[in-house]
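J.: Now for the letters of each chain:
2 protein chains.
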Amino acid sequence: MKPSIPKGTRDFSPAEMSRRNYIFDTVRTVFRRYGYEPLETPAMENLSTLMGKYGEEGDKLLFKILNSGDFSKGANMSEENTNKLATQICEKGLRYDLTVPFARYVVQHQSEITFPFKRYQIQPVWRADRPQKGRYREFYQCDVDVVGTKSLLCEVELIQIVQDVFASLGVRVHLKINNRKILYGIAETIGCADKMIDITVAIDKLDKIGIEAVNKELLERGLTKEAIERLQPILKLEGTNREKLAQICEIIGSCETGRKGIEEVSTIFDIVEELNITLPMELDLSLARGLNYYTGAIFEVKALDYQIGSISGGGRYDDLTGIFGLPNTSGVGISFGADRIYDVLSGLELFPQDSVQNTRALFANFSEKETLESLKLLKMLRENNIAAEIYPDAAKLKKQFDYAQSKGIPHIIFIGSEEIATRTATIKNINTGEQGKVAFDDLVKYFDISK
Amino acid sequence: MKPSIPKGTRDFSPAEMSRRNYIFDTVRTVFRRYGYEPLETPAMENLSTLMGKYGEEGDKLLFKILNSGDFSKGANMSEENTNKLATQICEKGLRYDLTVPFARYVVQHQSEITFPFKRYQIQPVWRADRPQKGRYREFYQCDVDVVGTKSLLCEVELIQIVQDVFASLGVRVHLKINNRKILYGIAETIGCADKMIDITVAIDKLDKIGIEAVNKELLERGLTKEAIERLQPILKLEGTNREKLAQICEIIGSCETGRKGIEEVSTIFDIVEELNITLPMELDLSLARGLNYYTGAIFEVKALDYQIGSISGGGRYDDLTGIFGLPNTSGVGISFGADRIYDVLSGLELFPQDSVQNTRALFANFSEKETLESLKLLKMLRENNIAAEIYPDAAKLKKQFDYAQSKGIPHIIFIGSEEIATRTATIKNINTGEQGKVAFDDLVKYFDISK
Chain A
1 MKPSIPKGTR DFSPAEMSRR NYIFDTVRTV FRRYGYEPLE TPAMENLSTL
51 MGKYGEEGDK LLFKILNSGD FSKGANMSEE NTNKLATQIC EKGLRYDLTV
101 PFARYVVQHQ SEITFPFKRY QIQPVWRADR PQKGRYREFY QCDVDVVGTK
151 SLLCEVELIQ IVQDVFASLG VRVHLKINNR KILYGIAETI GCADKMIDIT
201 VAIDKLDKIG IEAVNKELLE RGLTKEAIER LQPILKLEGT NREKLAQICE
251 IIGSCETGRK GIEEVSTIFD IVEELNITLP MELDLSLARG LNYYTGAIFE
301 VKALDYQIGS ISGGGRYDDL TGIFGLPNTS GVGISFGADR IYDVLSGLEL
351 FPQDSVQNTR ALFANFSEKE TLESLKLLKM LRENNIAAEI YPDAAKLKKQ
401 FDYAQSKGIP HIIFIGSEEI ATRTATIKNI NTGEQGKVAF DDLVKYFDIS
451 K
Chain B
1 MKPSIPKGTR DFSPAEMSRR NYIFDTVRTV FRRYGYEPLE TPAMENLSTL
51 MGKYGEEGDK LLFKILNSGD FSKGANMSEE NTNKLATQIC EKGLRYDLTV
101 PFARYVVQHQ SEITFPFKRY QIQPVWRADR PQKGRYREFY QCDVDVVGTK
151 SLLCEVELIQ IVQDVFASLG VRVHLKINNR KILYGIAETI GCADKMIDIT
201 VAIDKLDKIG IEAVNKELLE RGLTKEAIER LQPILKLEGT NREKLAQICE
251 IIGSCETGRK GIEEVSTIFD IVEELNITLP MELDLSLARG LNYYTGAIFE
301 VKALDYQIGS ISGGGRYDDL TGIFGLPNTS GVGISFGADR IYDVLSGLEL
351 FPQDSVQNTR ALFANFSEKE TLESLKLLKM LRENNIAAEI YPDAAKLKKQ
401 FDYAQSKGIP HIIFIGSEEI ATRTATIKNI NTGEQGKVAF DDLVKYFDIS
451 K
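Keeping their order, the protein sequence lines are chains A and B. Reminder that position 236 of the first sequence reads as 236 in our numbering, one-by-one numbering, no gaps. Reminder that position 59 of the second sequence reads as 59 in our numbering, one-by-one numbering, no gaps.
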């Protein structure tokens, strides 16, 4: 029996973990600098919390957990519709994203929370998607949200966070922005206010499938040829962000909601300009993002120097907590995709060399007697917070060297009878081959200074 | 609809997260100091990896994940044995501990690993146990293991790690130690070598249920009255660790395995003594630990000043990877129970005050014009890595104060028209009530110094 793991899942080796932790630590440090606090929710949520929140397609992608014990009790096991049967034998599911559990948390704990509530959450999510390159069934999201305020300062803050995170990581990015209210204005203006969702779903694919295919989908979704015709110039708007805003204002300005959206984006641009935020930003009227709970600003971030989908995205939702019984609690948030960011950093070789915090020294192991002296020195180093090890067996020196090499341990320390007699350690630098002597009493100082 | 989470699971609020992270960070720092490297495995494992590894009882406690899509295809849905049916409609389960996934990892990746392999792993595990006080269905384990060596230096290292972790946390503990080989020696000596498992399972409960109940259980498990009689003096051994070792050696010394166990424990005691490790250690011959894969040393750690079950435990397993096809790869490890340690630190009020890394300053929000100036100063503080916020809305000052108070933000900064004219901020210390003026240009310095 050859052991394996479920498809679409991954083990993370020590080397990968160090790199992933570099990303998580960077993101976390920025989040904290902006006053966001950590939150964690359980991997399992009640299916009633998750179902119906991600569209029909999303429901199918939920991992469901079989009820424990006699799960068939009370279930109609001859039910042939497996979707229906599933909800009879499963009460729980694995979380699909961090936003819905967050909304559930806010409602459940509303009496303990001081609003506005700024939280970040870094946890895995699970989706029964077909695994493929860059798409996993278990992956980490890093979400940052603030709920309980409609202030556009929050949108600006998220833009600053995007700038900070990617500047810290050394990745050049640009940010696309749009506003759902503008999209509504467009839908109303072309006479399809009721088809707003269909329009957003279709034009969101513009980048991927091109204008022809988008138009075809719009037709299939019930838009008239005339409406599609009227949509074309909007999708083709060009110029600076300000120019685009002026043009779209002329087209949809008679729609109040649309005008509000334009105002919101303008205000954000104003503040961003005043603050000299240098992140490249583009108003993209085809940016829609699939999720239906967005009601205001929407964001998407792409890497400039590496070909991959968006590496971050989010937006404002005015009523996400409404489905759980707490209406009128607006929020805005953005999610960083750890796996894609990992791929970008790998592809561009941007991981710092010292993202792996290595053991500094390995004591070679000769025999029991010398070992005891090594153990005492080892204890002293560790007490001074210097990471060190001893090879556990008196194996061939070659083997001990290979071990140090594979773990990237830069120094090997030899404590033989001579060293014990003179109370002086022999230290070999694995990388340079240099060898030297250091008095036992100076060992801590040596490693405090040497790199 | 009032939202809730599955029973036995928990949300962790920002305050709880900070405390939990204090524990994880402490444990992680110690693990690294001893040369252990991080590893993570997927939440889901194939059921074939998990089933049969935790006994019959454990199999029932596995959370099973319903196959996606048409799960009933190929399954006999009229199967009345729900255990059998479950394995037909579920291929995957949530991990039950970190040890079995680690063993699976080692076998699967054996060609990439340099042995001895020292890893730590801090991740949640899931068990469909009946929830009760202090027992959860989702909880975190912090495991540290080394595989690929039989060296007793590893046992000593784990003892040092226990000492270091709890010294760092400020918790006084004592460590119980025993050895499965001694337990085998006892079983053989009383004529029940074949009943070794029954004996360990029963005497492991000595602490909880007392000697009478243990003897009753031994009888039920098929031990003769004579055997139970011969066991009594062993369970009642008293004296120092060395005295106990001498006594047990007299009783079981004719059994080779038993003698080997005594030797191992003696060696560990010798080294611990030589190294002046001050952790109180007790040889406890009734310590057995339930898990059947242990073959050598077994450990258990208890808090001295707080009444709770063991807060850490582990042991040596000579053939855990054998079940996955890699025999003769001995390992030893120990697991720290984050939730119980949390309870101990809470109960003894040992969490440091500053375990919460707070926002340092909140800019009050008056009106749009002043806000822009605040935003610029805020940006400057954050660029200097000083965590700061602005209240997003121009709400009543009382509300903004309450917000700062509830988040433990110590300073409120006021930027009004006068402050802008004089380029001087007014800063109020929330705790002392003191109020002062700081020039815009000195703000960074002010927060770099002030605590």
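The set of hints was computed from the structure by calculation and includes no laboratory data. It is possible that part of the hints are untrue.
Identical chains share a label here; the pair holds if one copy fits it or two copies do between them.
[As the list claims (entries may be wrong)] Using 20 Å as the maximum straight-line C-alpha spacing, the simulated PhoX-like pairs for lysine-lysine come out as follows:
#: 1; residue 1: Lys195; residue 2: Lys396
#: 2; residue 1: Lys2; residue 2: Lys73
#: 3; residue 1: Lys84; residue 2: Lys73
#: 4; residue 1: Lys73; residue 2: Lys60
J.: Are the hints correct? Go through all of them and say.
T.: Hint check results:
Proximity of Lys195 and Lys396 under a CA criterion of 20 Å is satisfied in neither setting, with 74 Å inside one chain copy and 41 Å between copies. When the C-alpha separation of Lys2 and Lys73 is checked against a cutoff of 20 Å, the pair qualifies neither within a copy, at 36 Å, nor between copies, at 26 Å. In this assembly of identical chains, Lys84 and Lys73 lie within 20 Å of each other by CA distance both inside one copy and across copies; the values are 15 Å within and 15 Å between. Within a single copy, Lys73 and Lys60 get their C-alpha atoms only as close as 24 Å, which misses the 20 Å cut-off; across copies the closest is 16 Å, which meets it.
Consistency with the previously given hints fails for numbers 1 and 2, ordered from lowest to highest.
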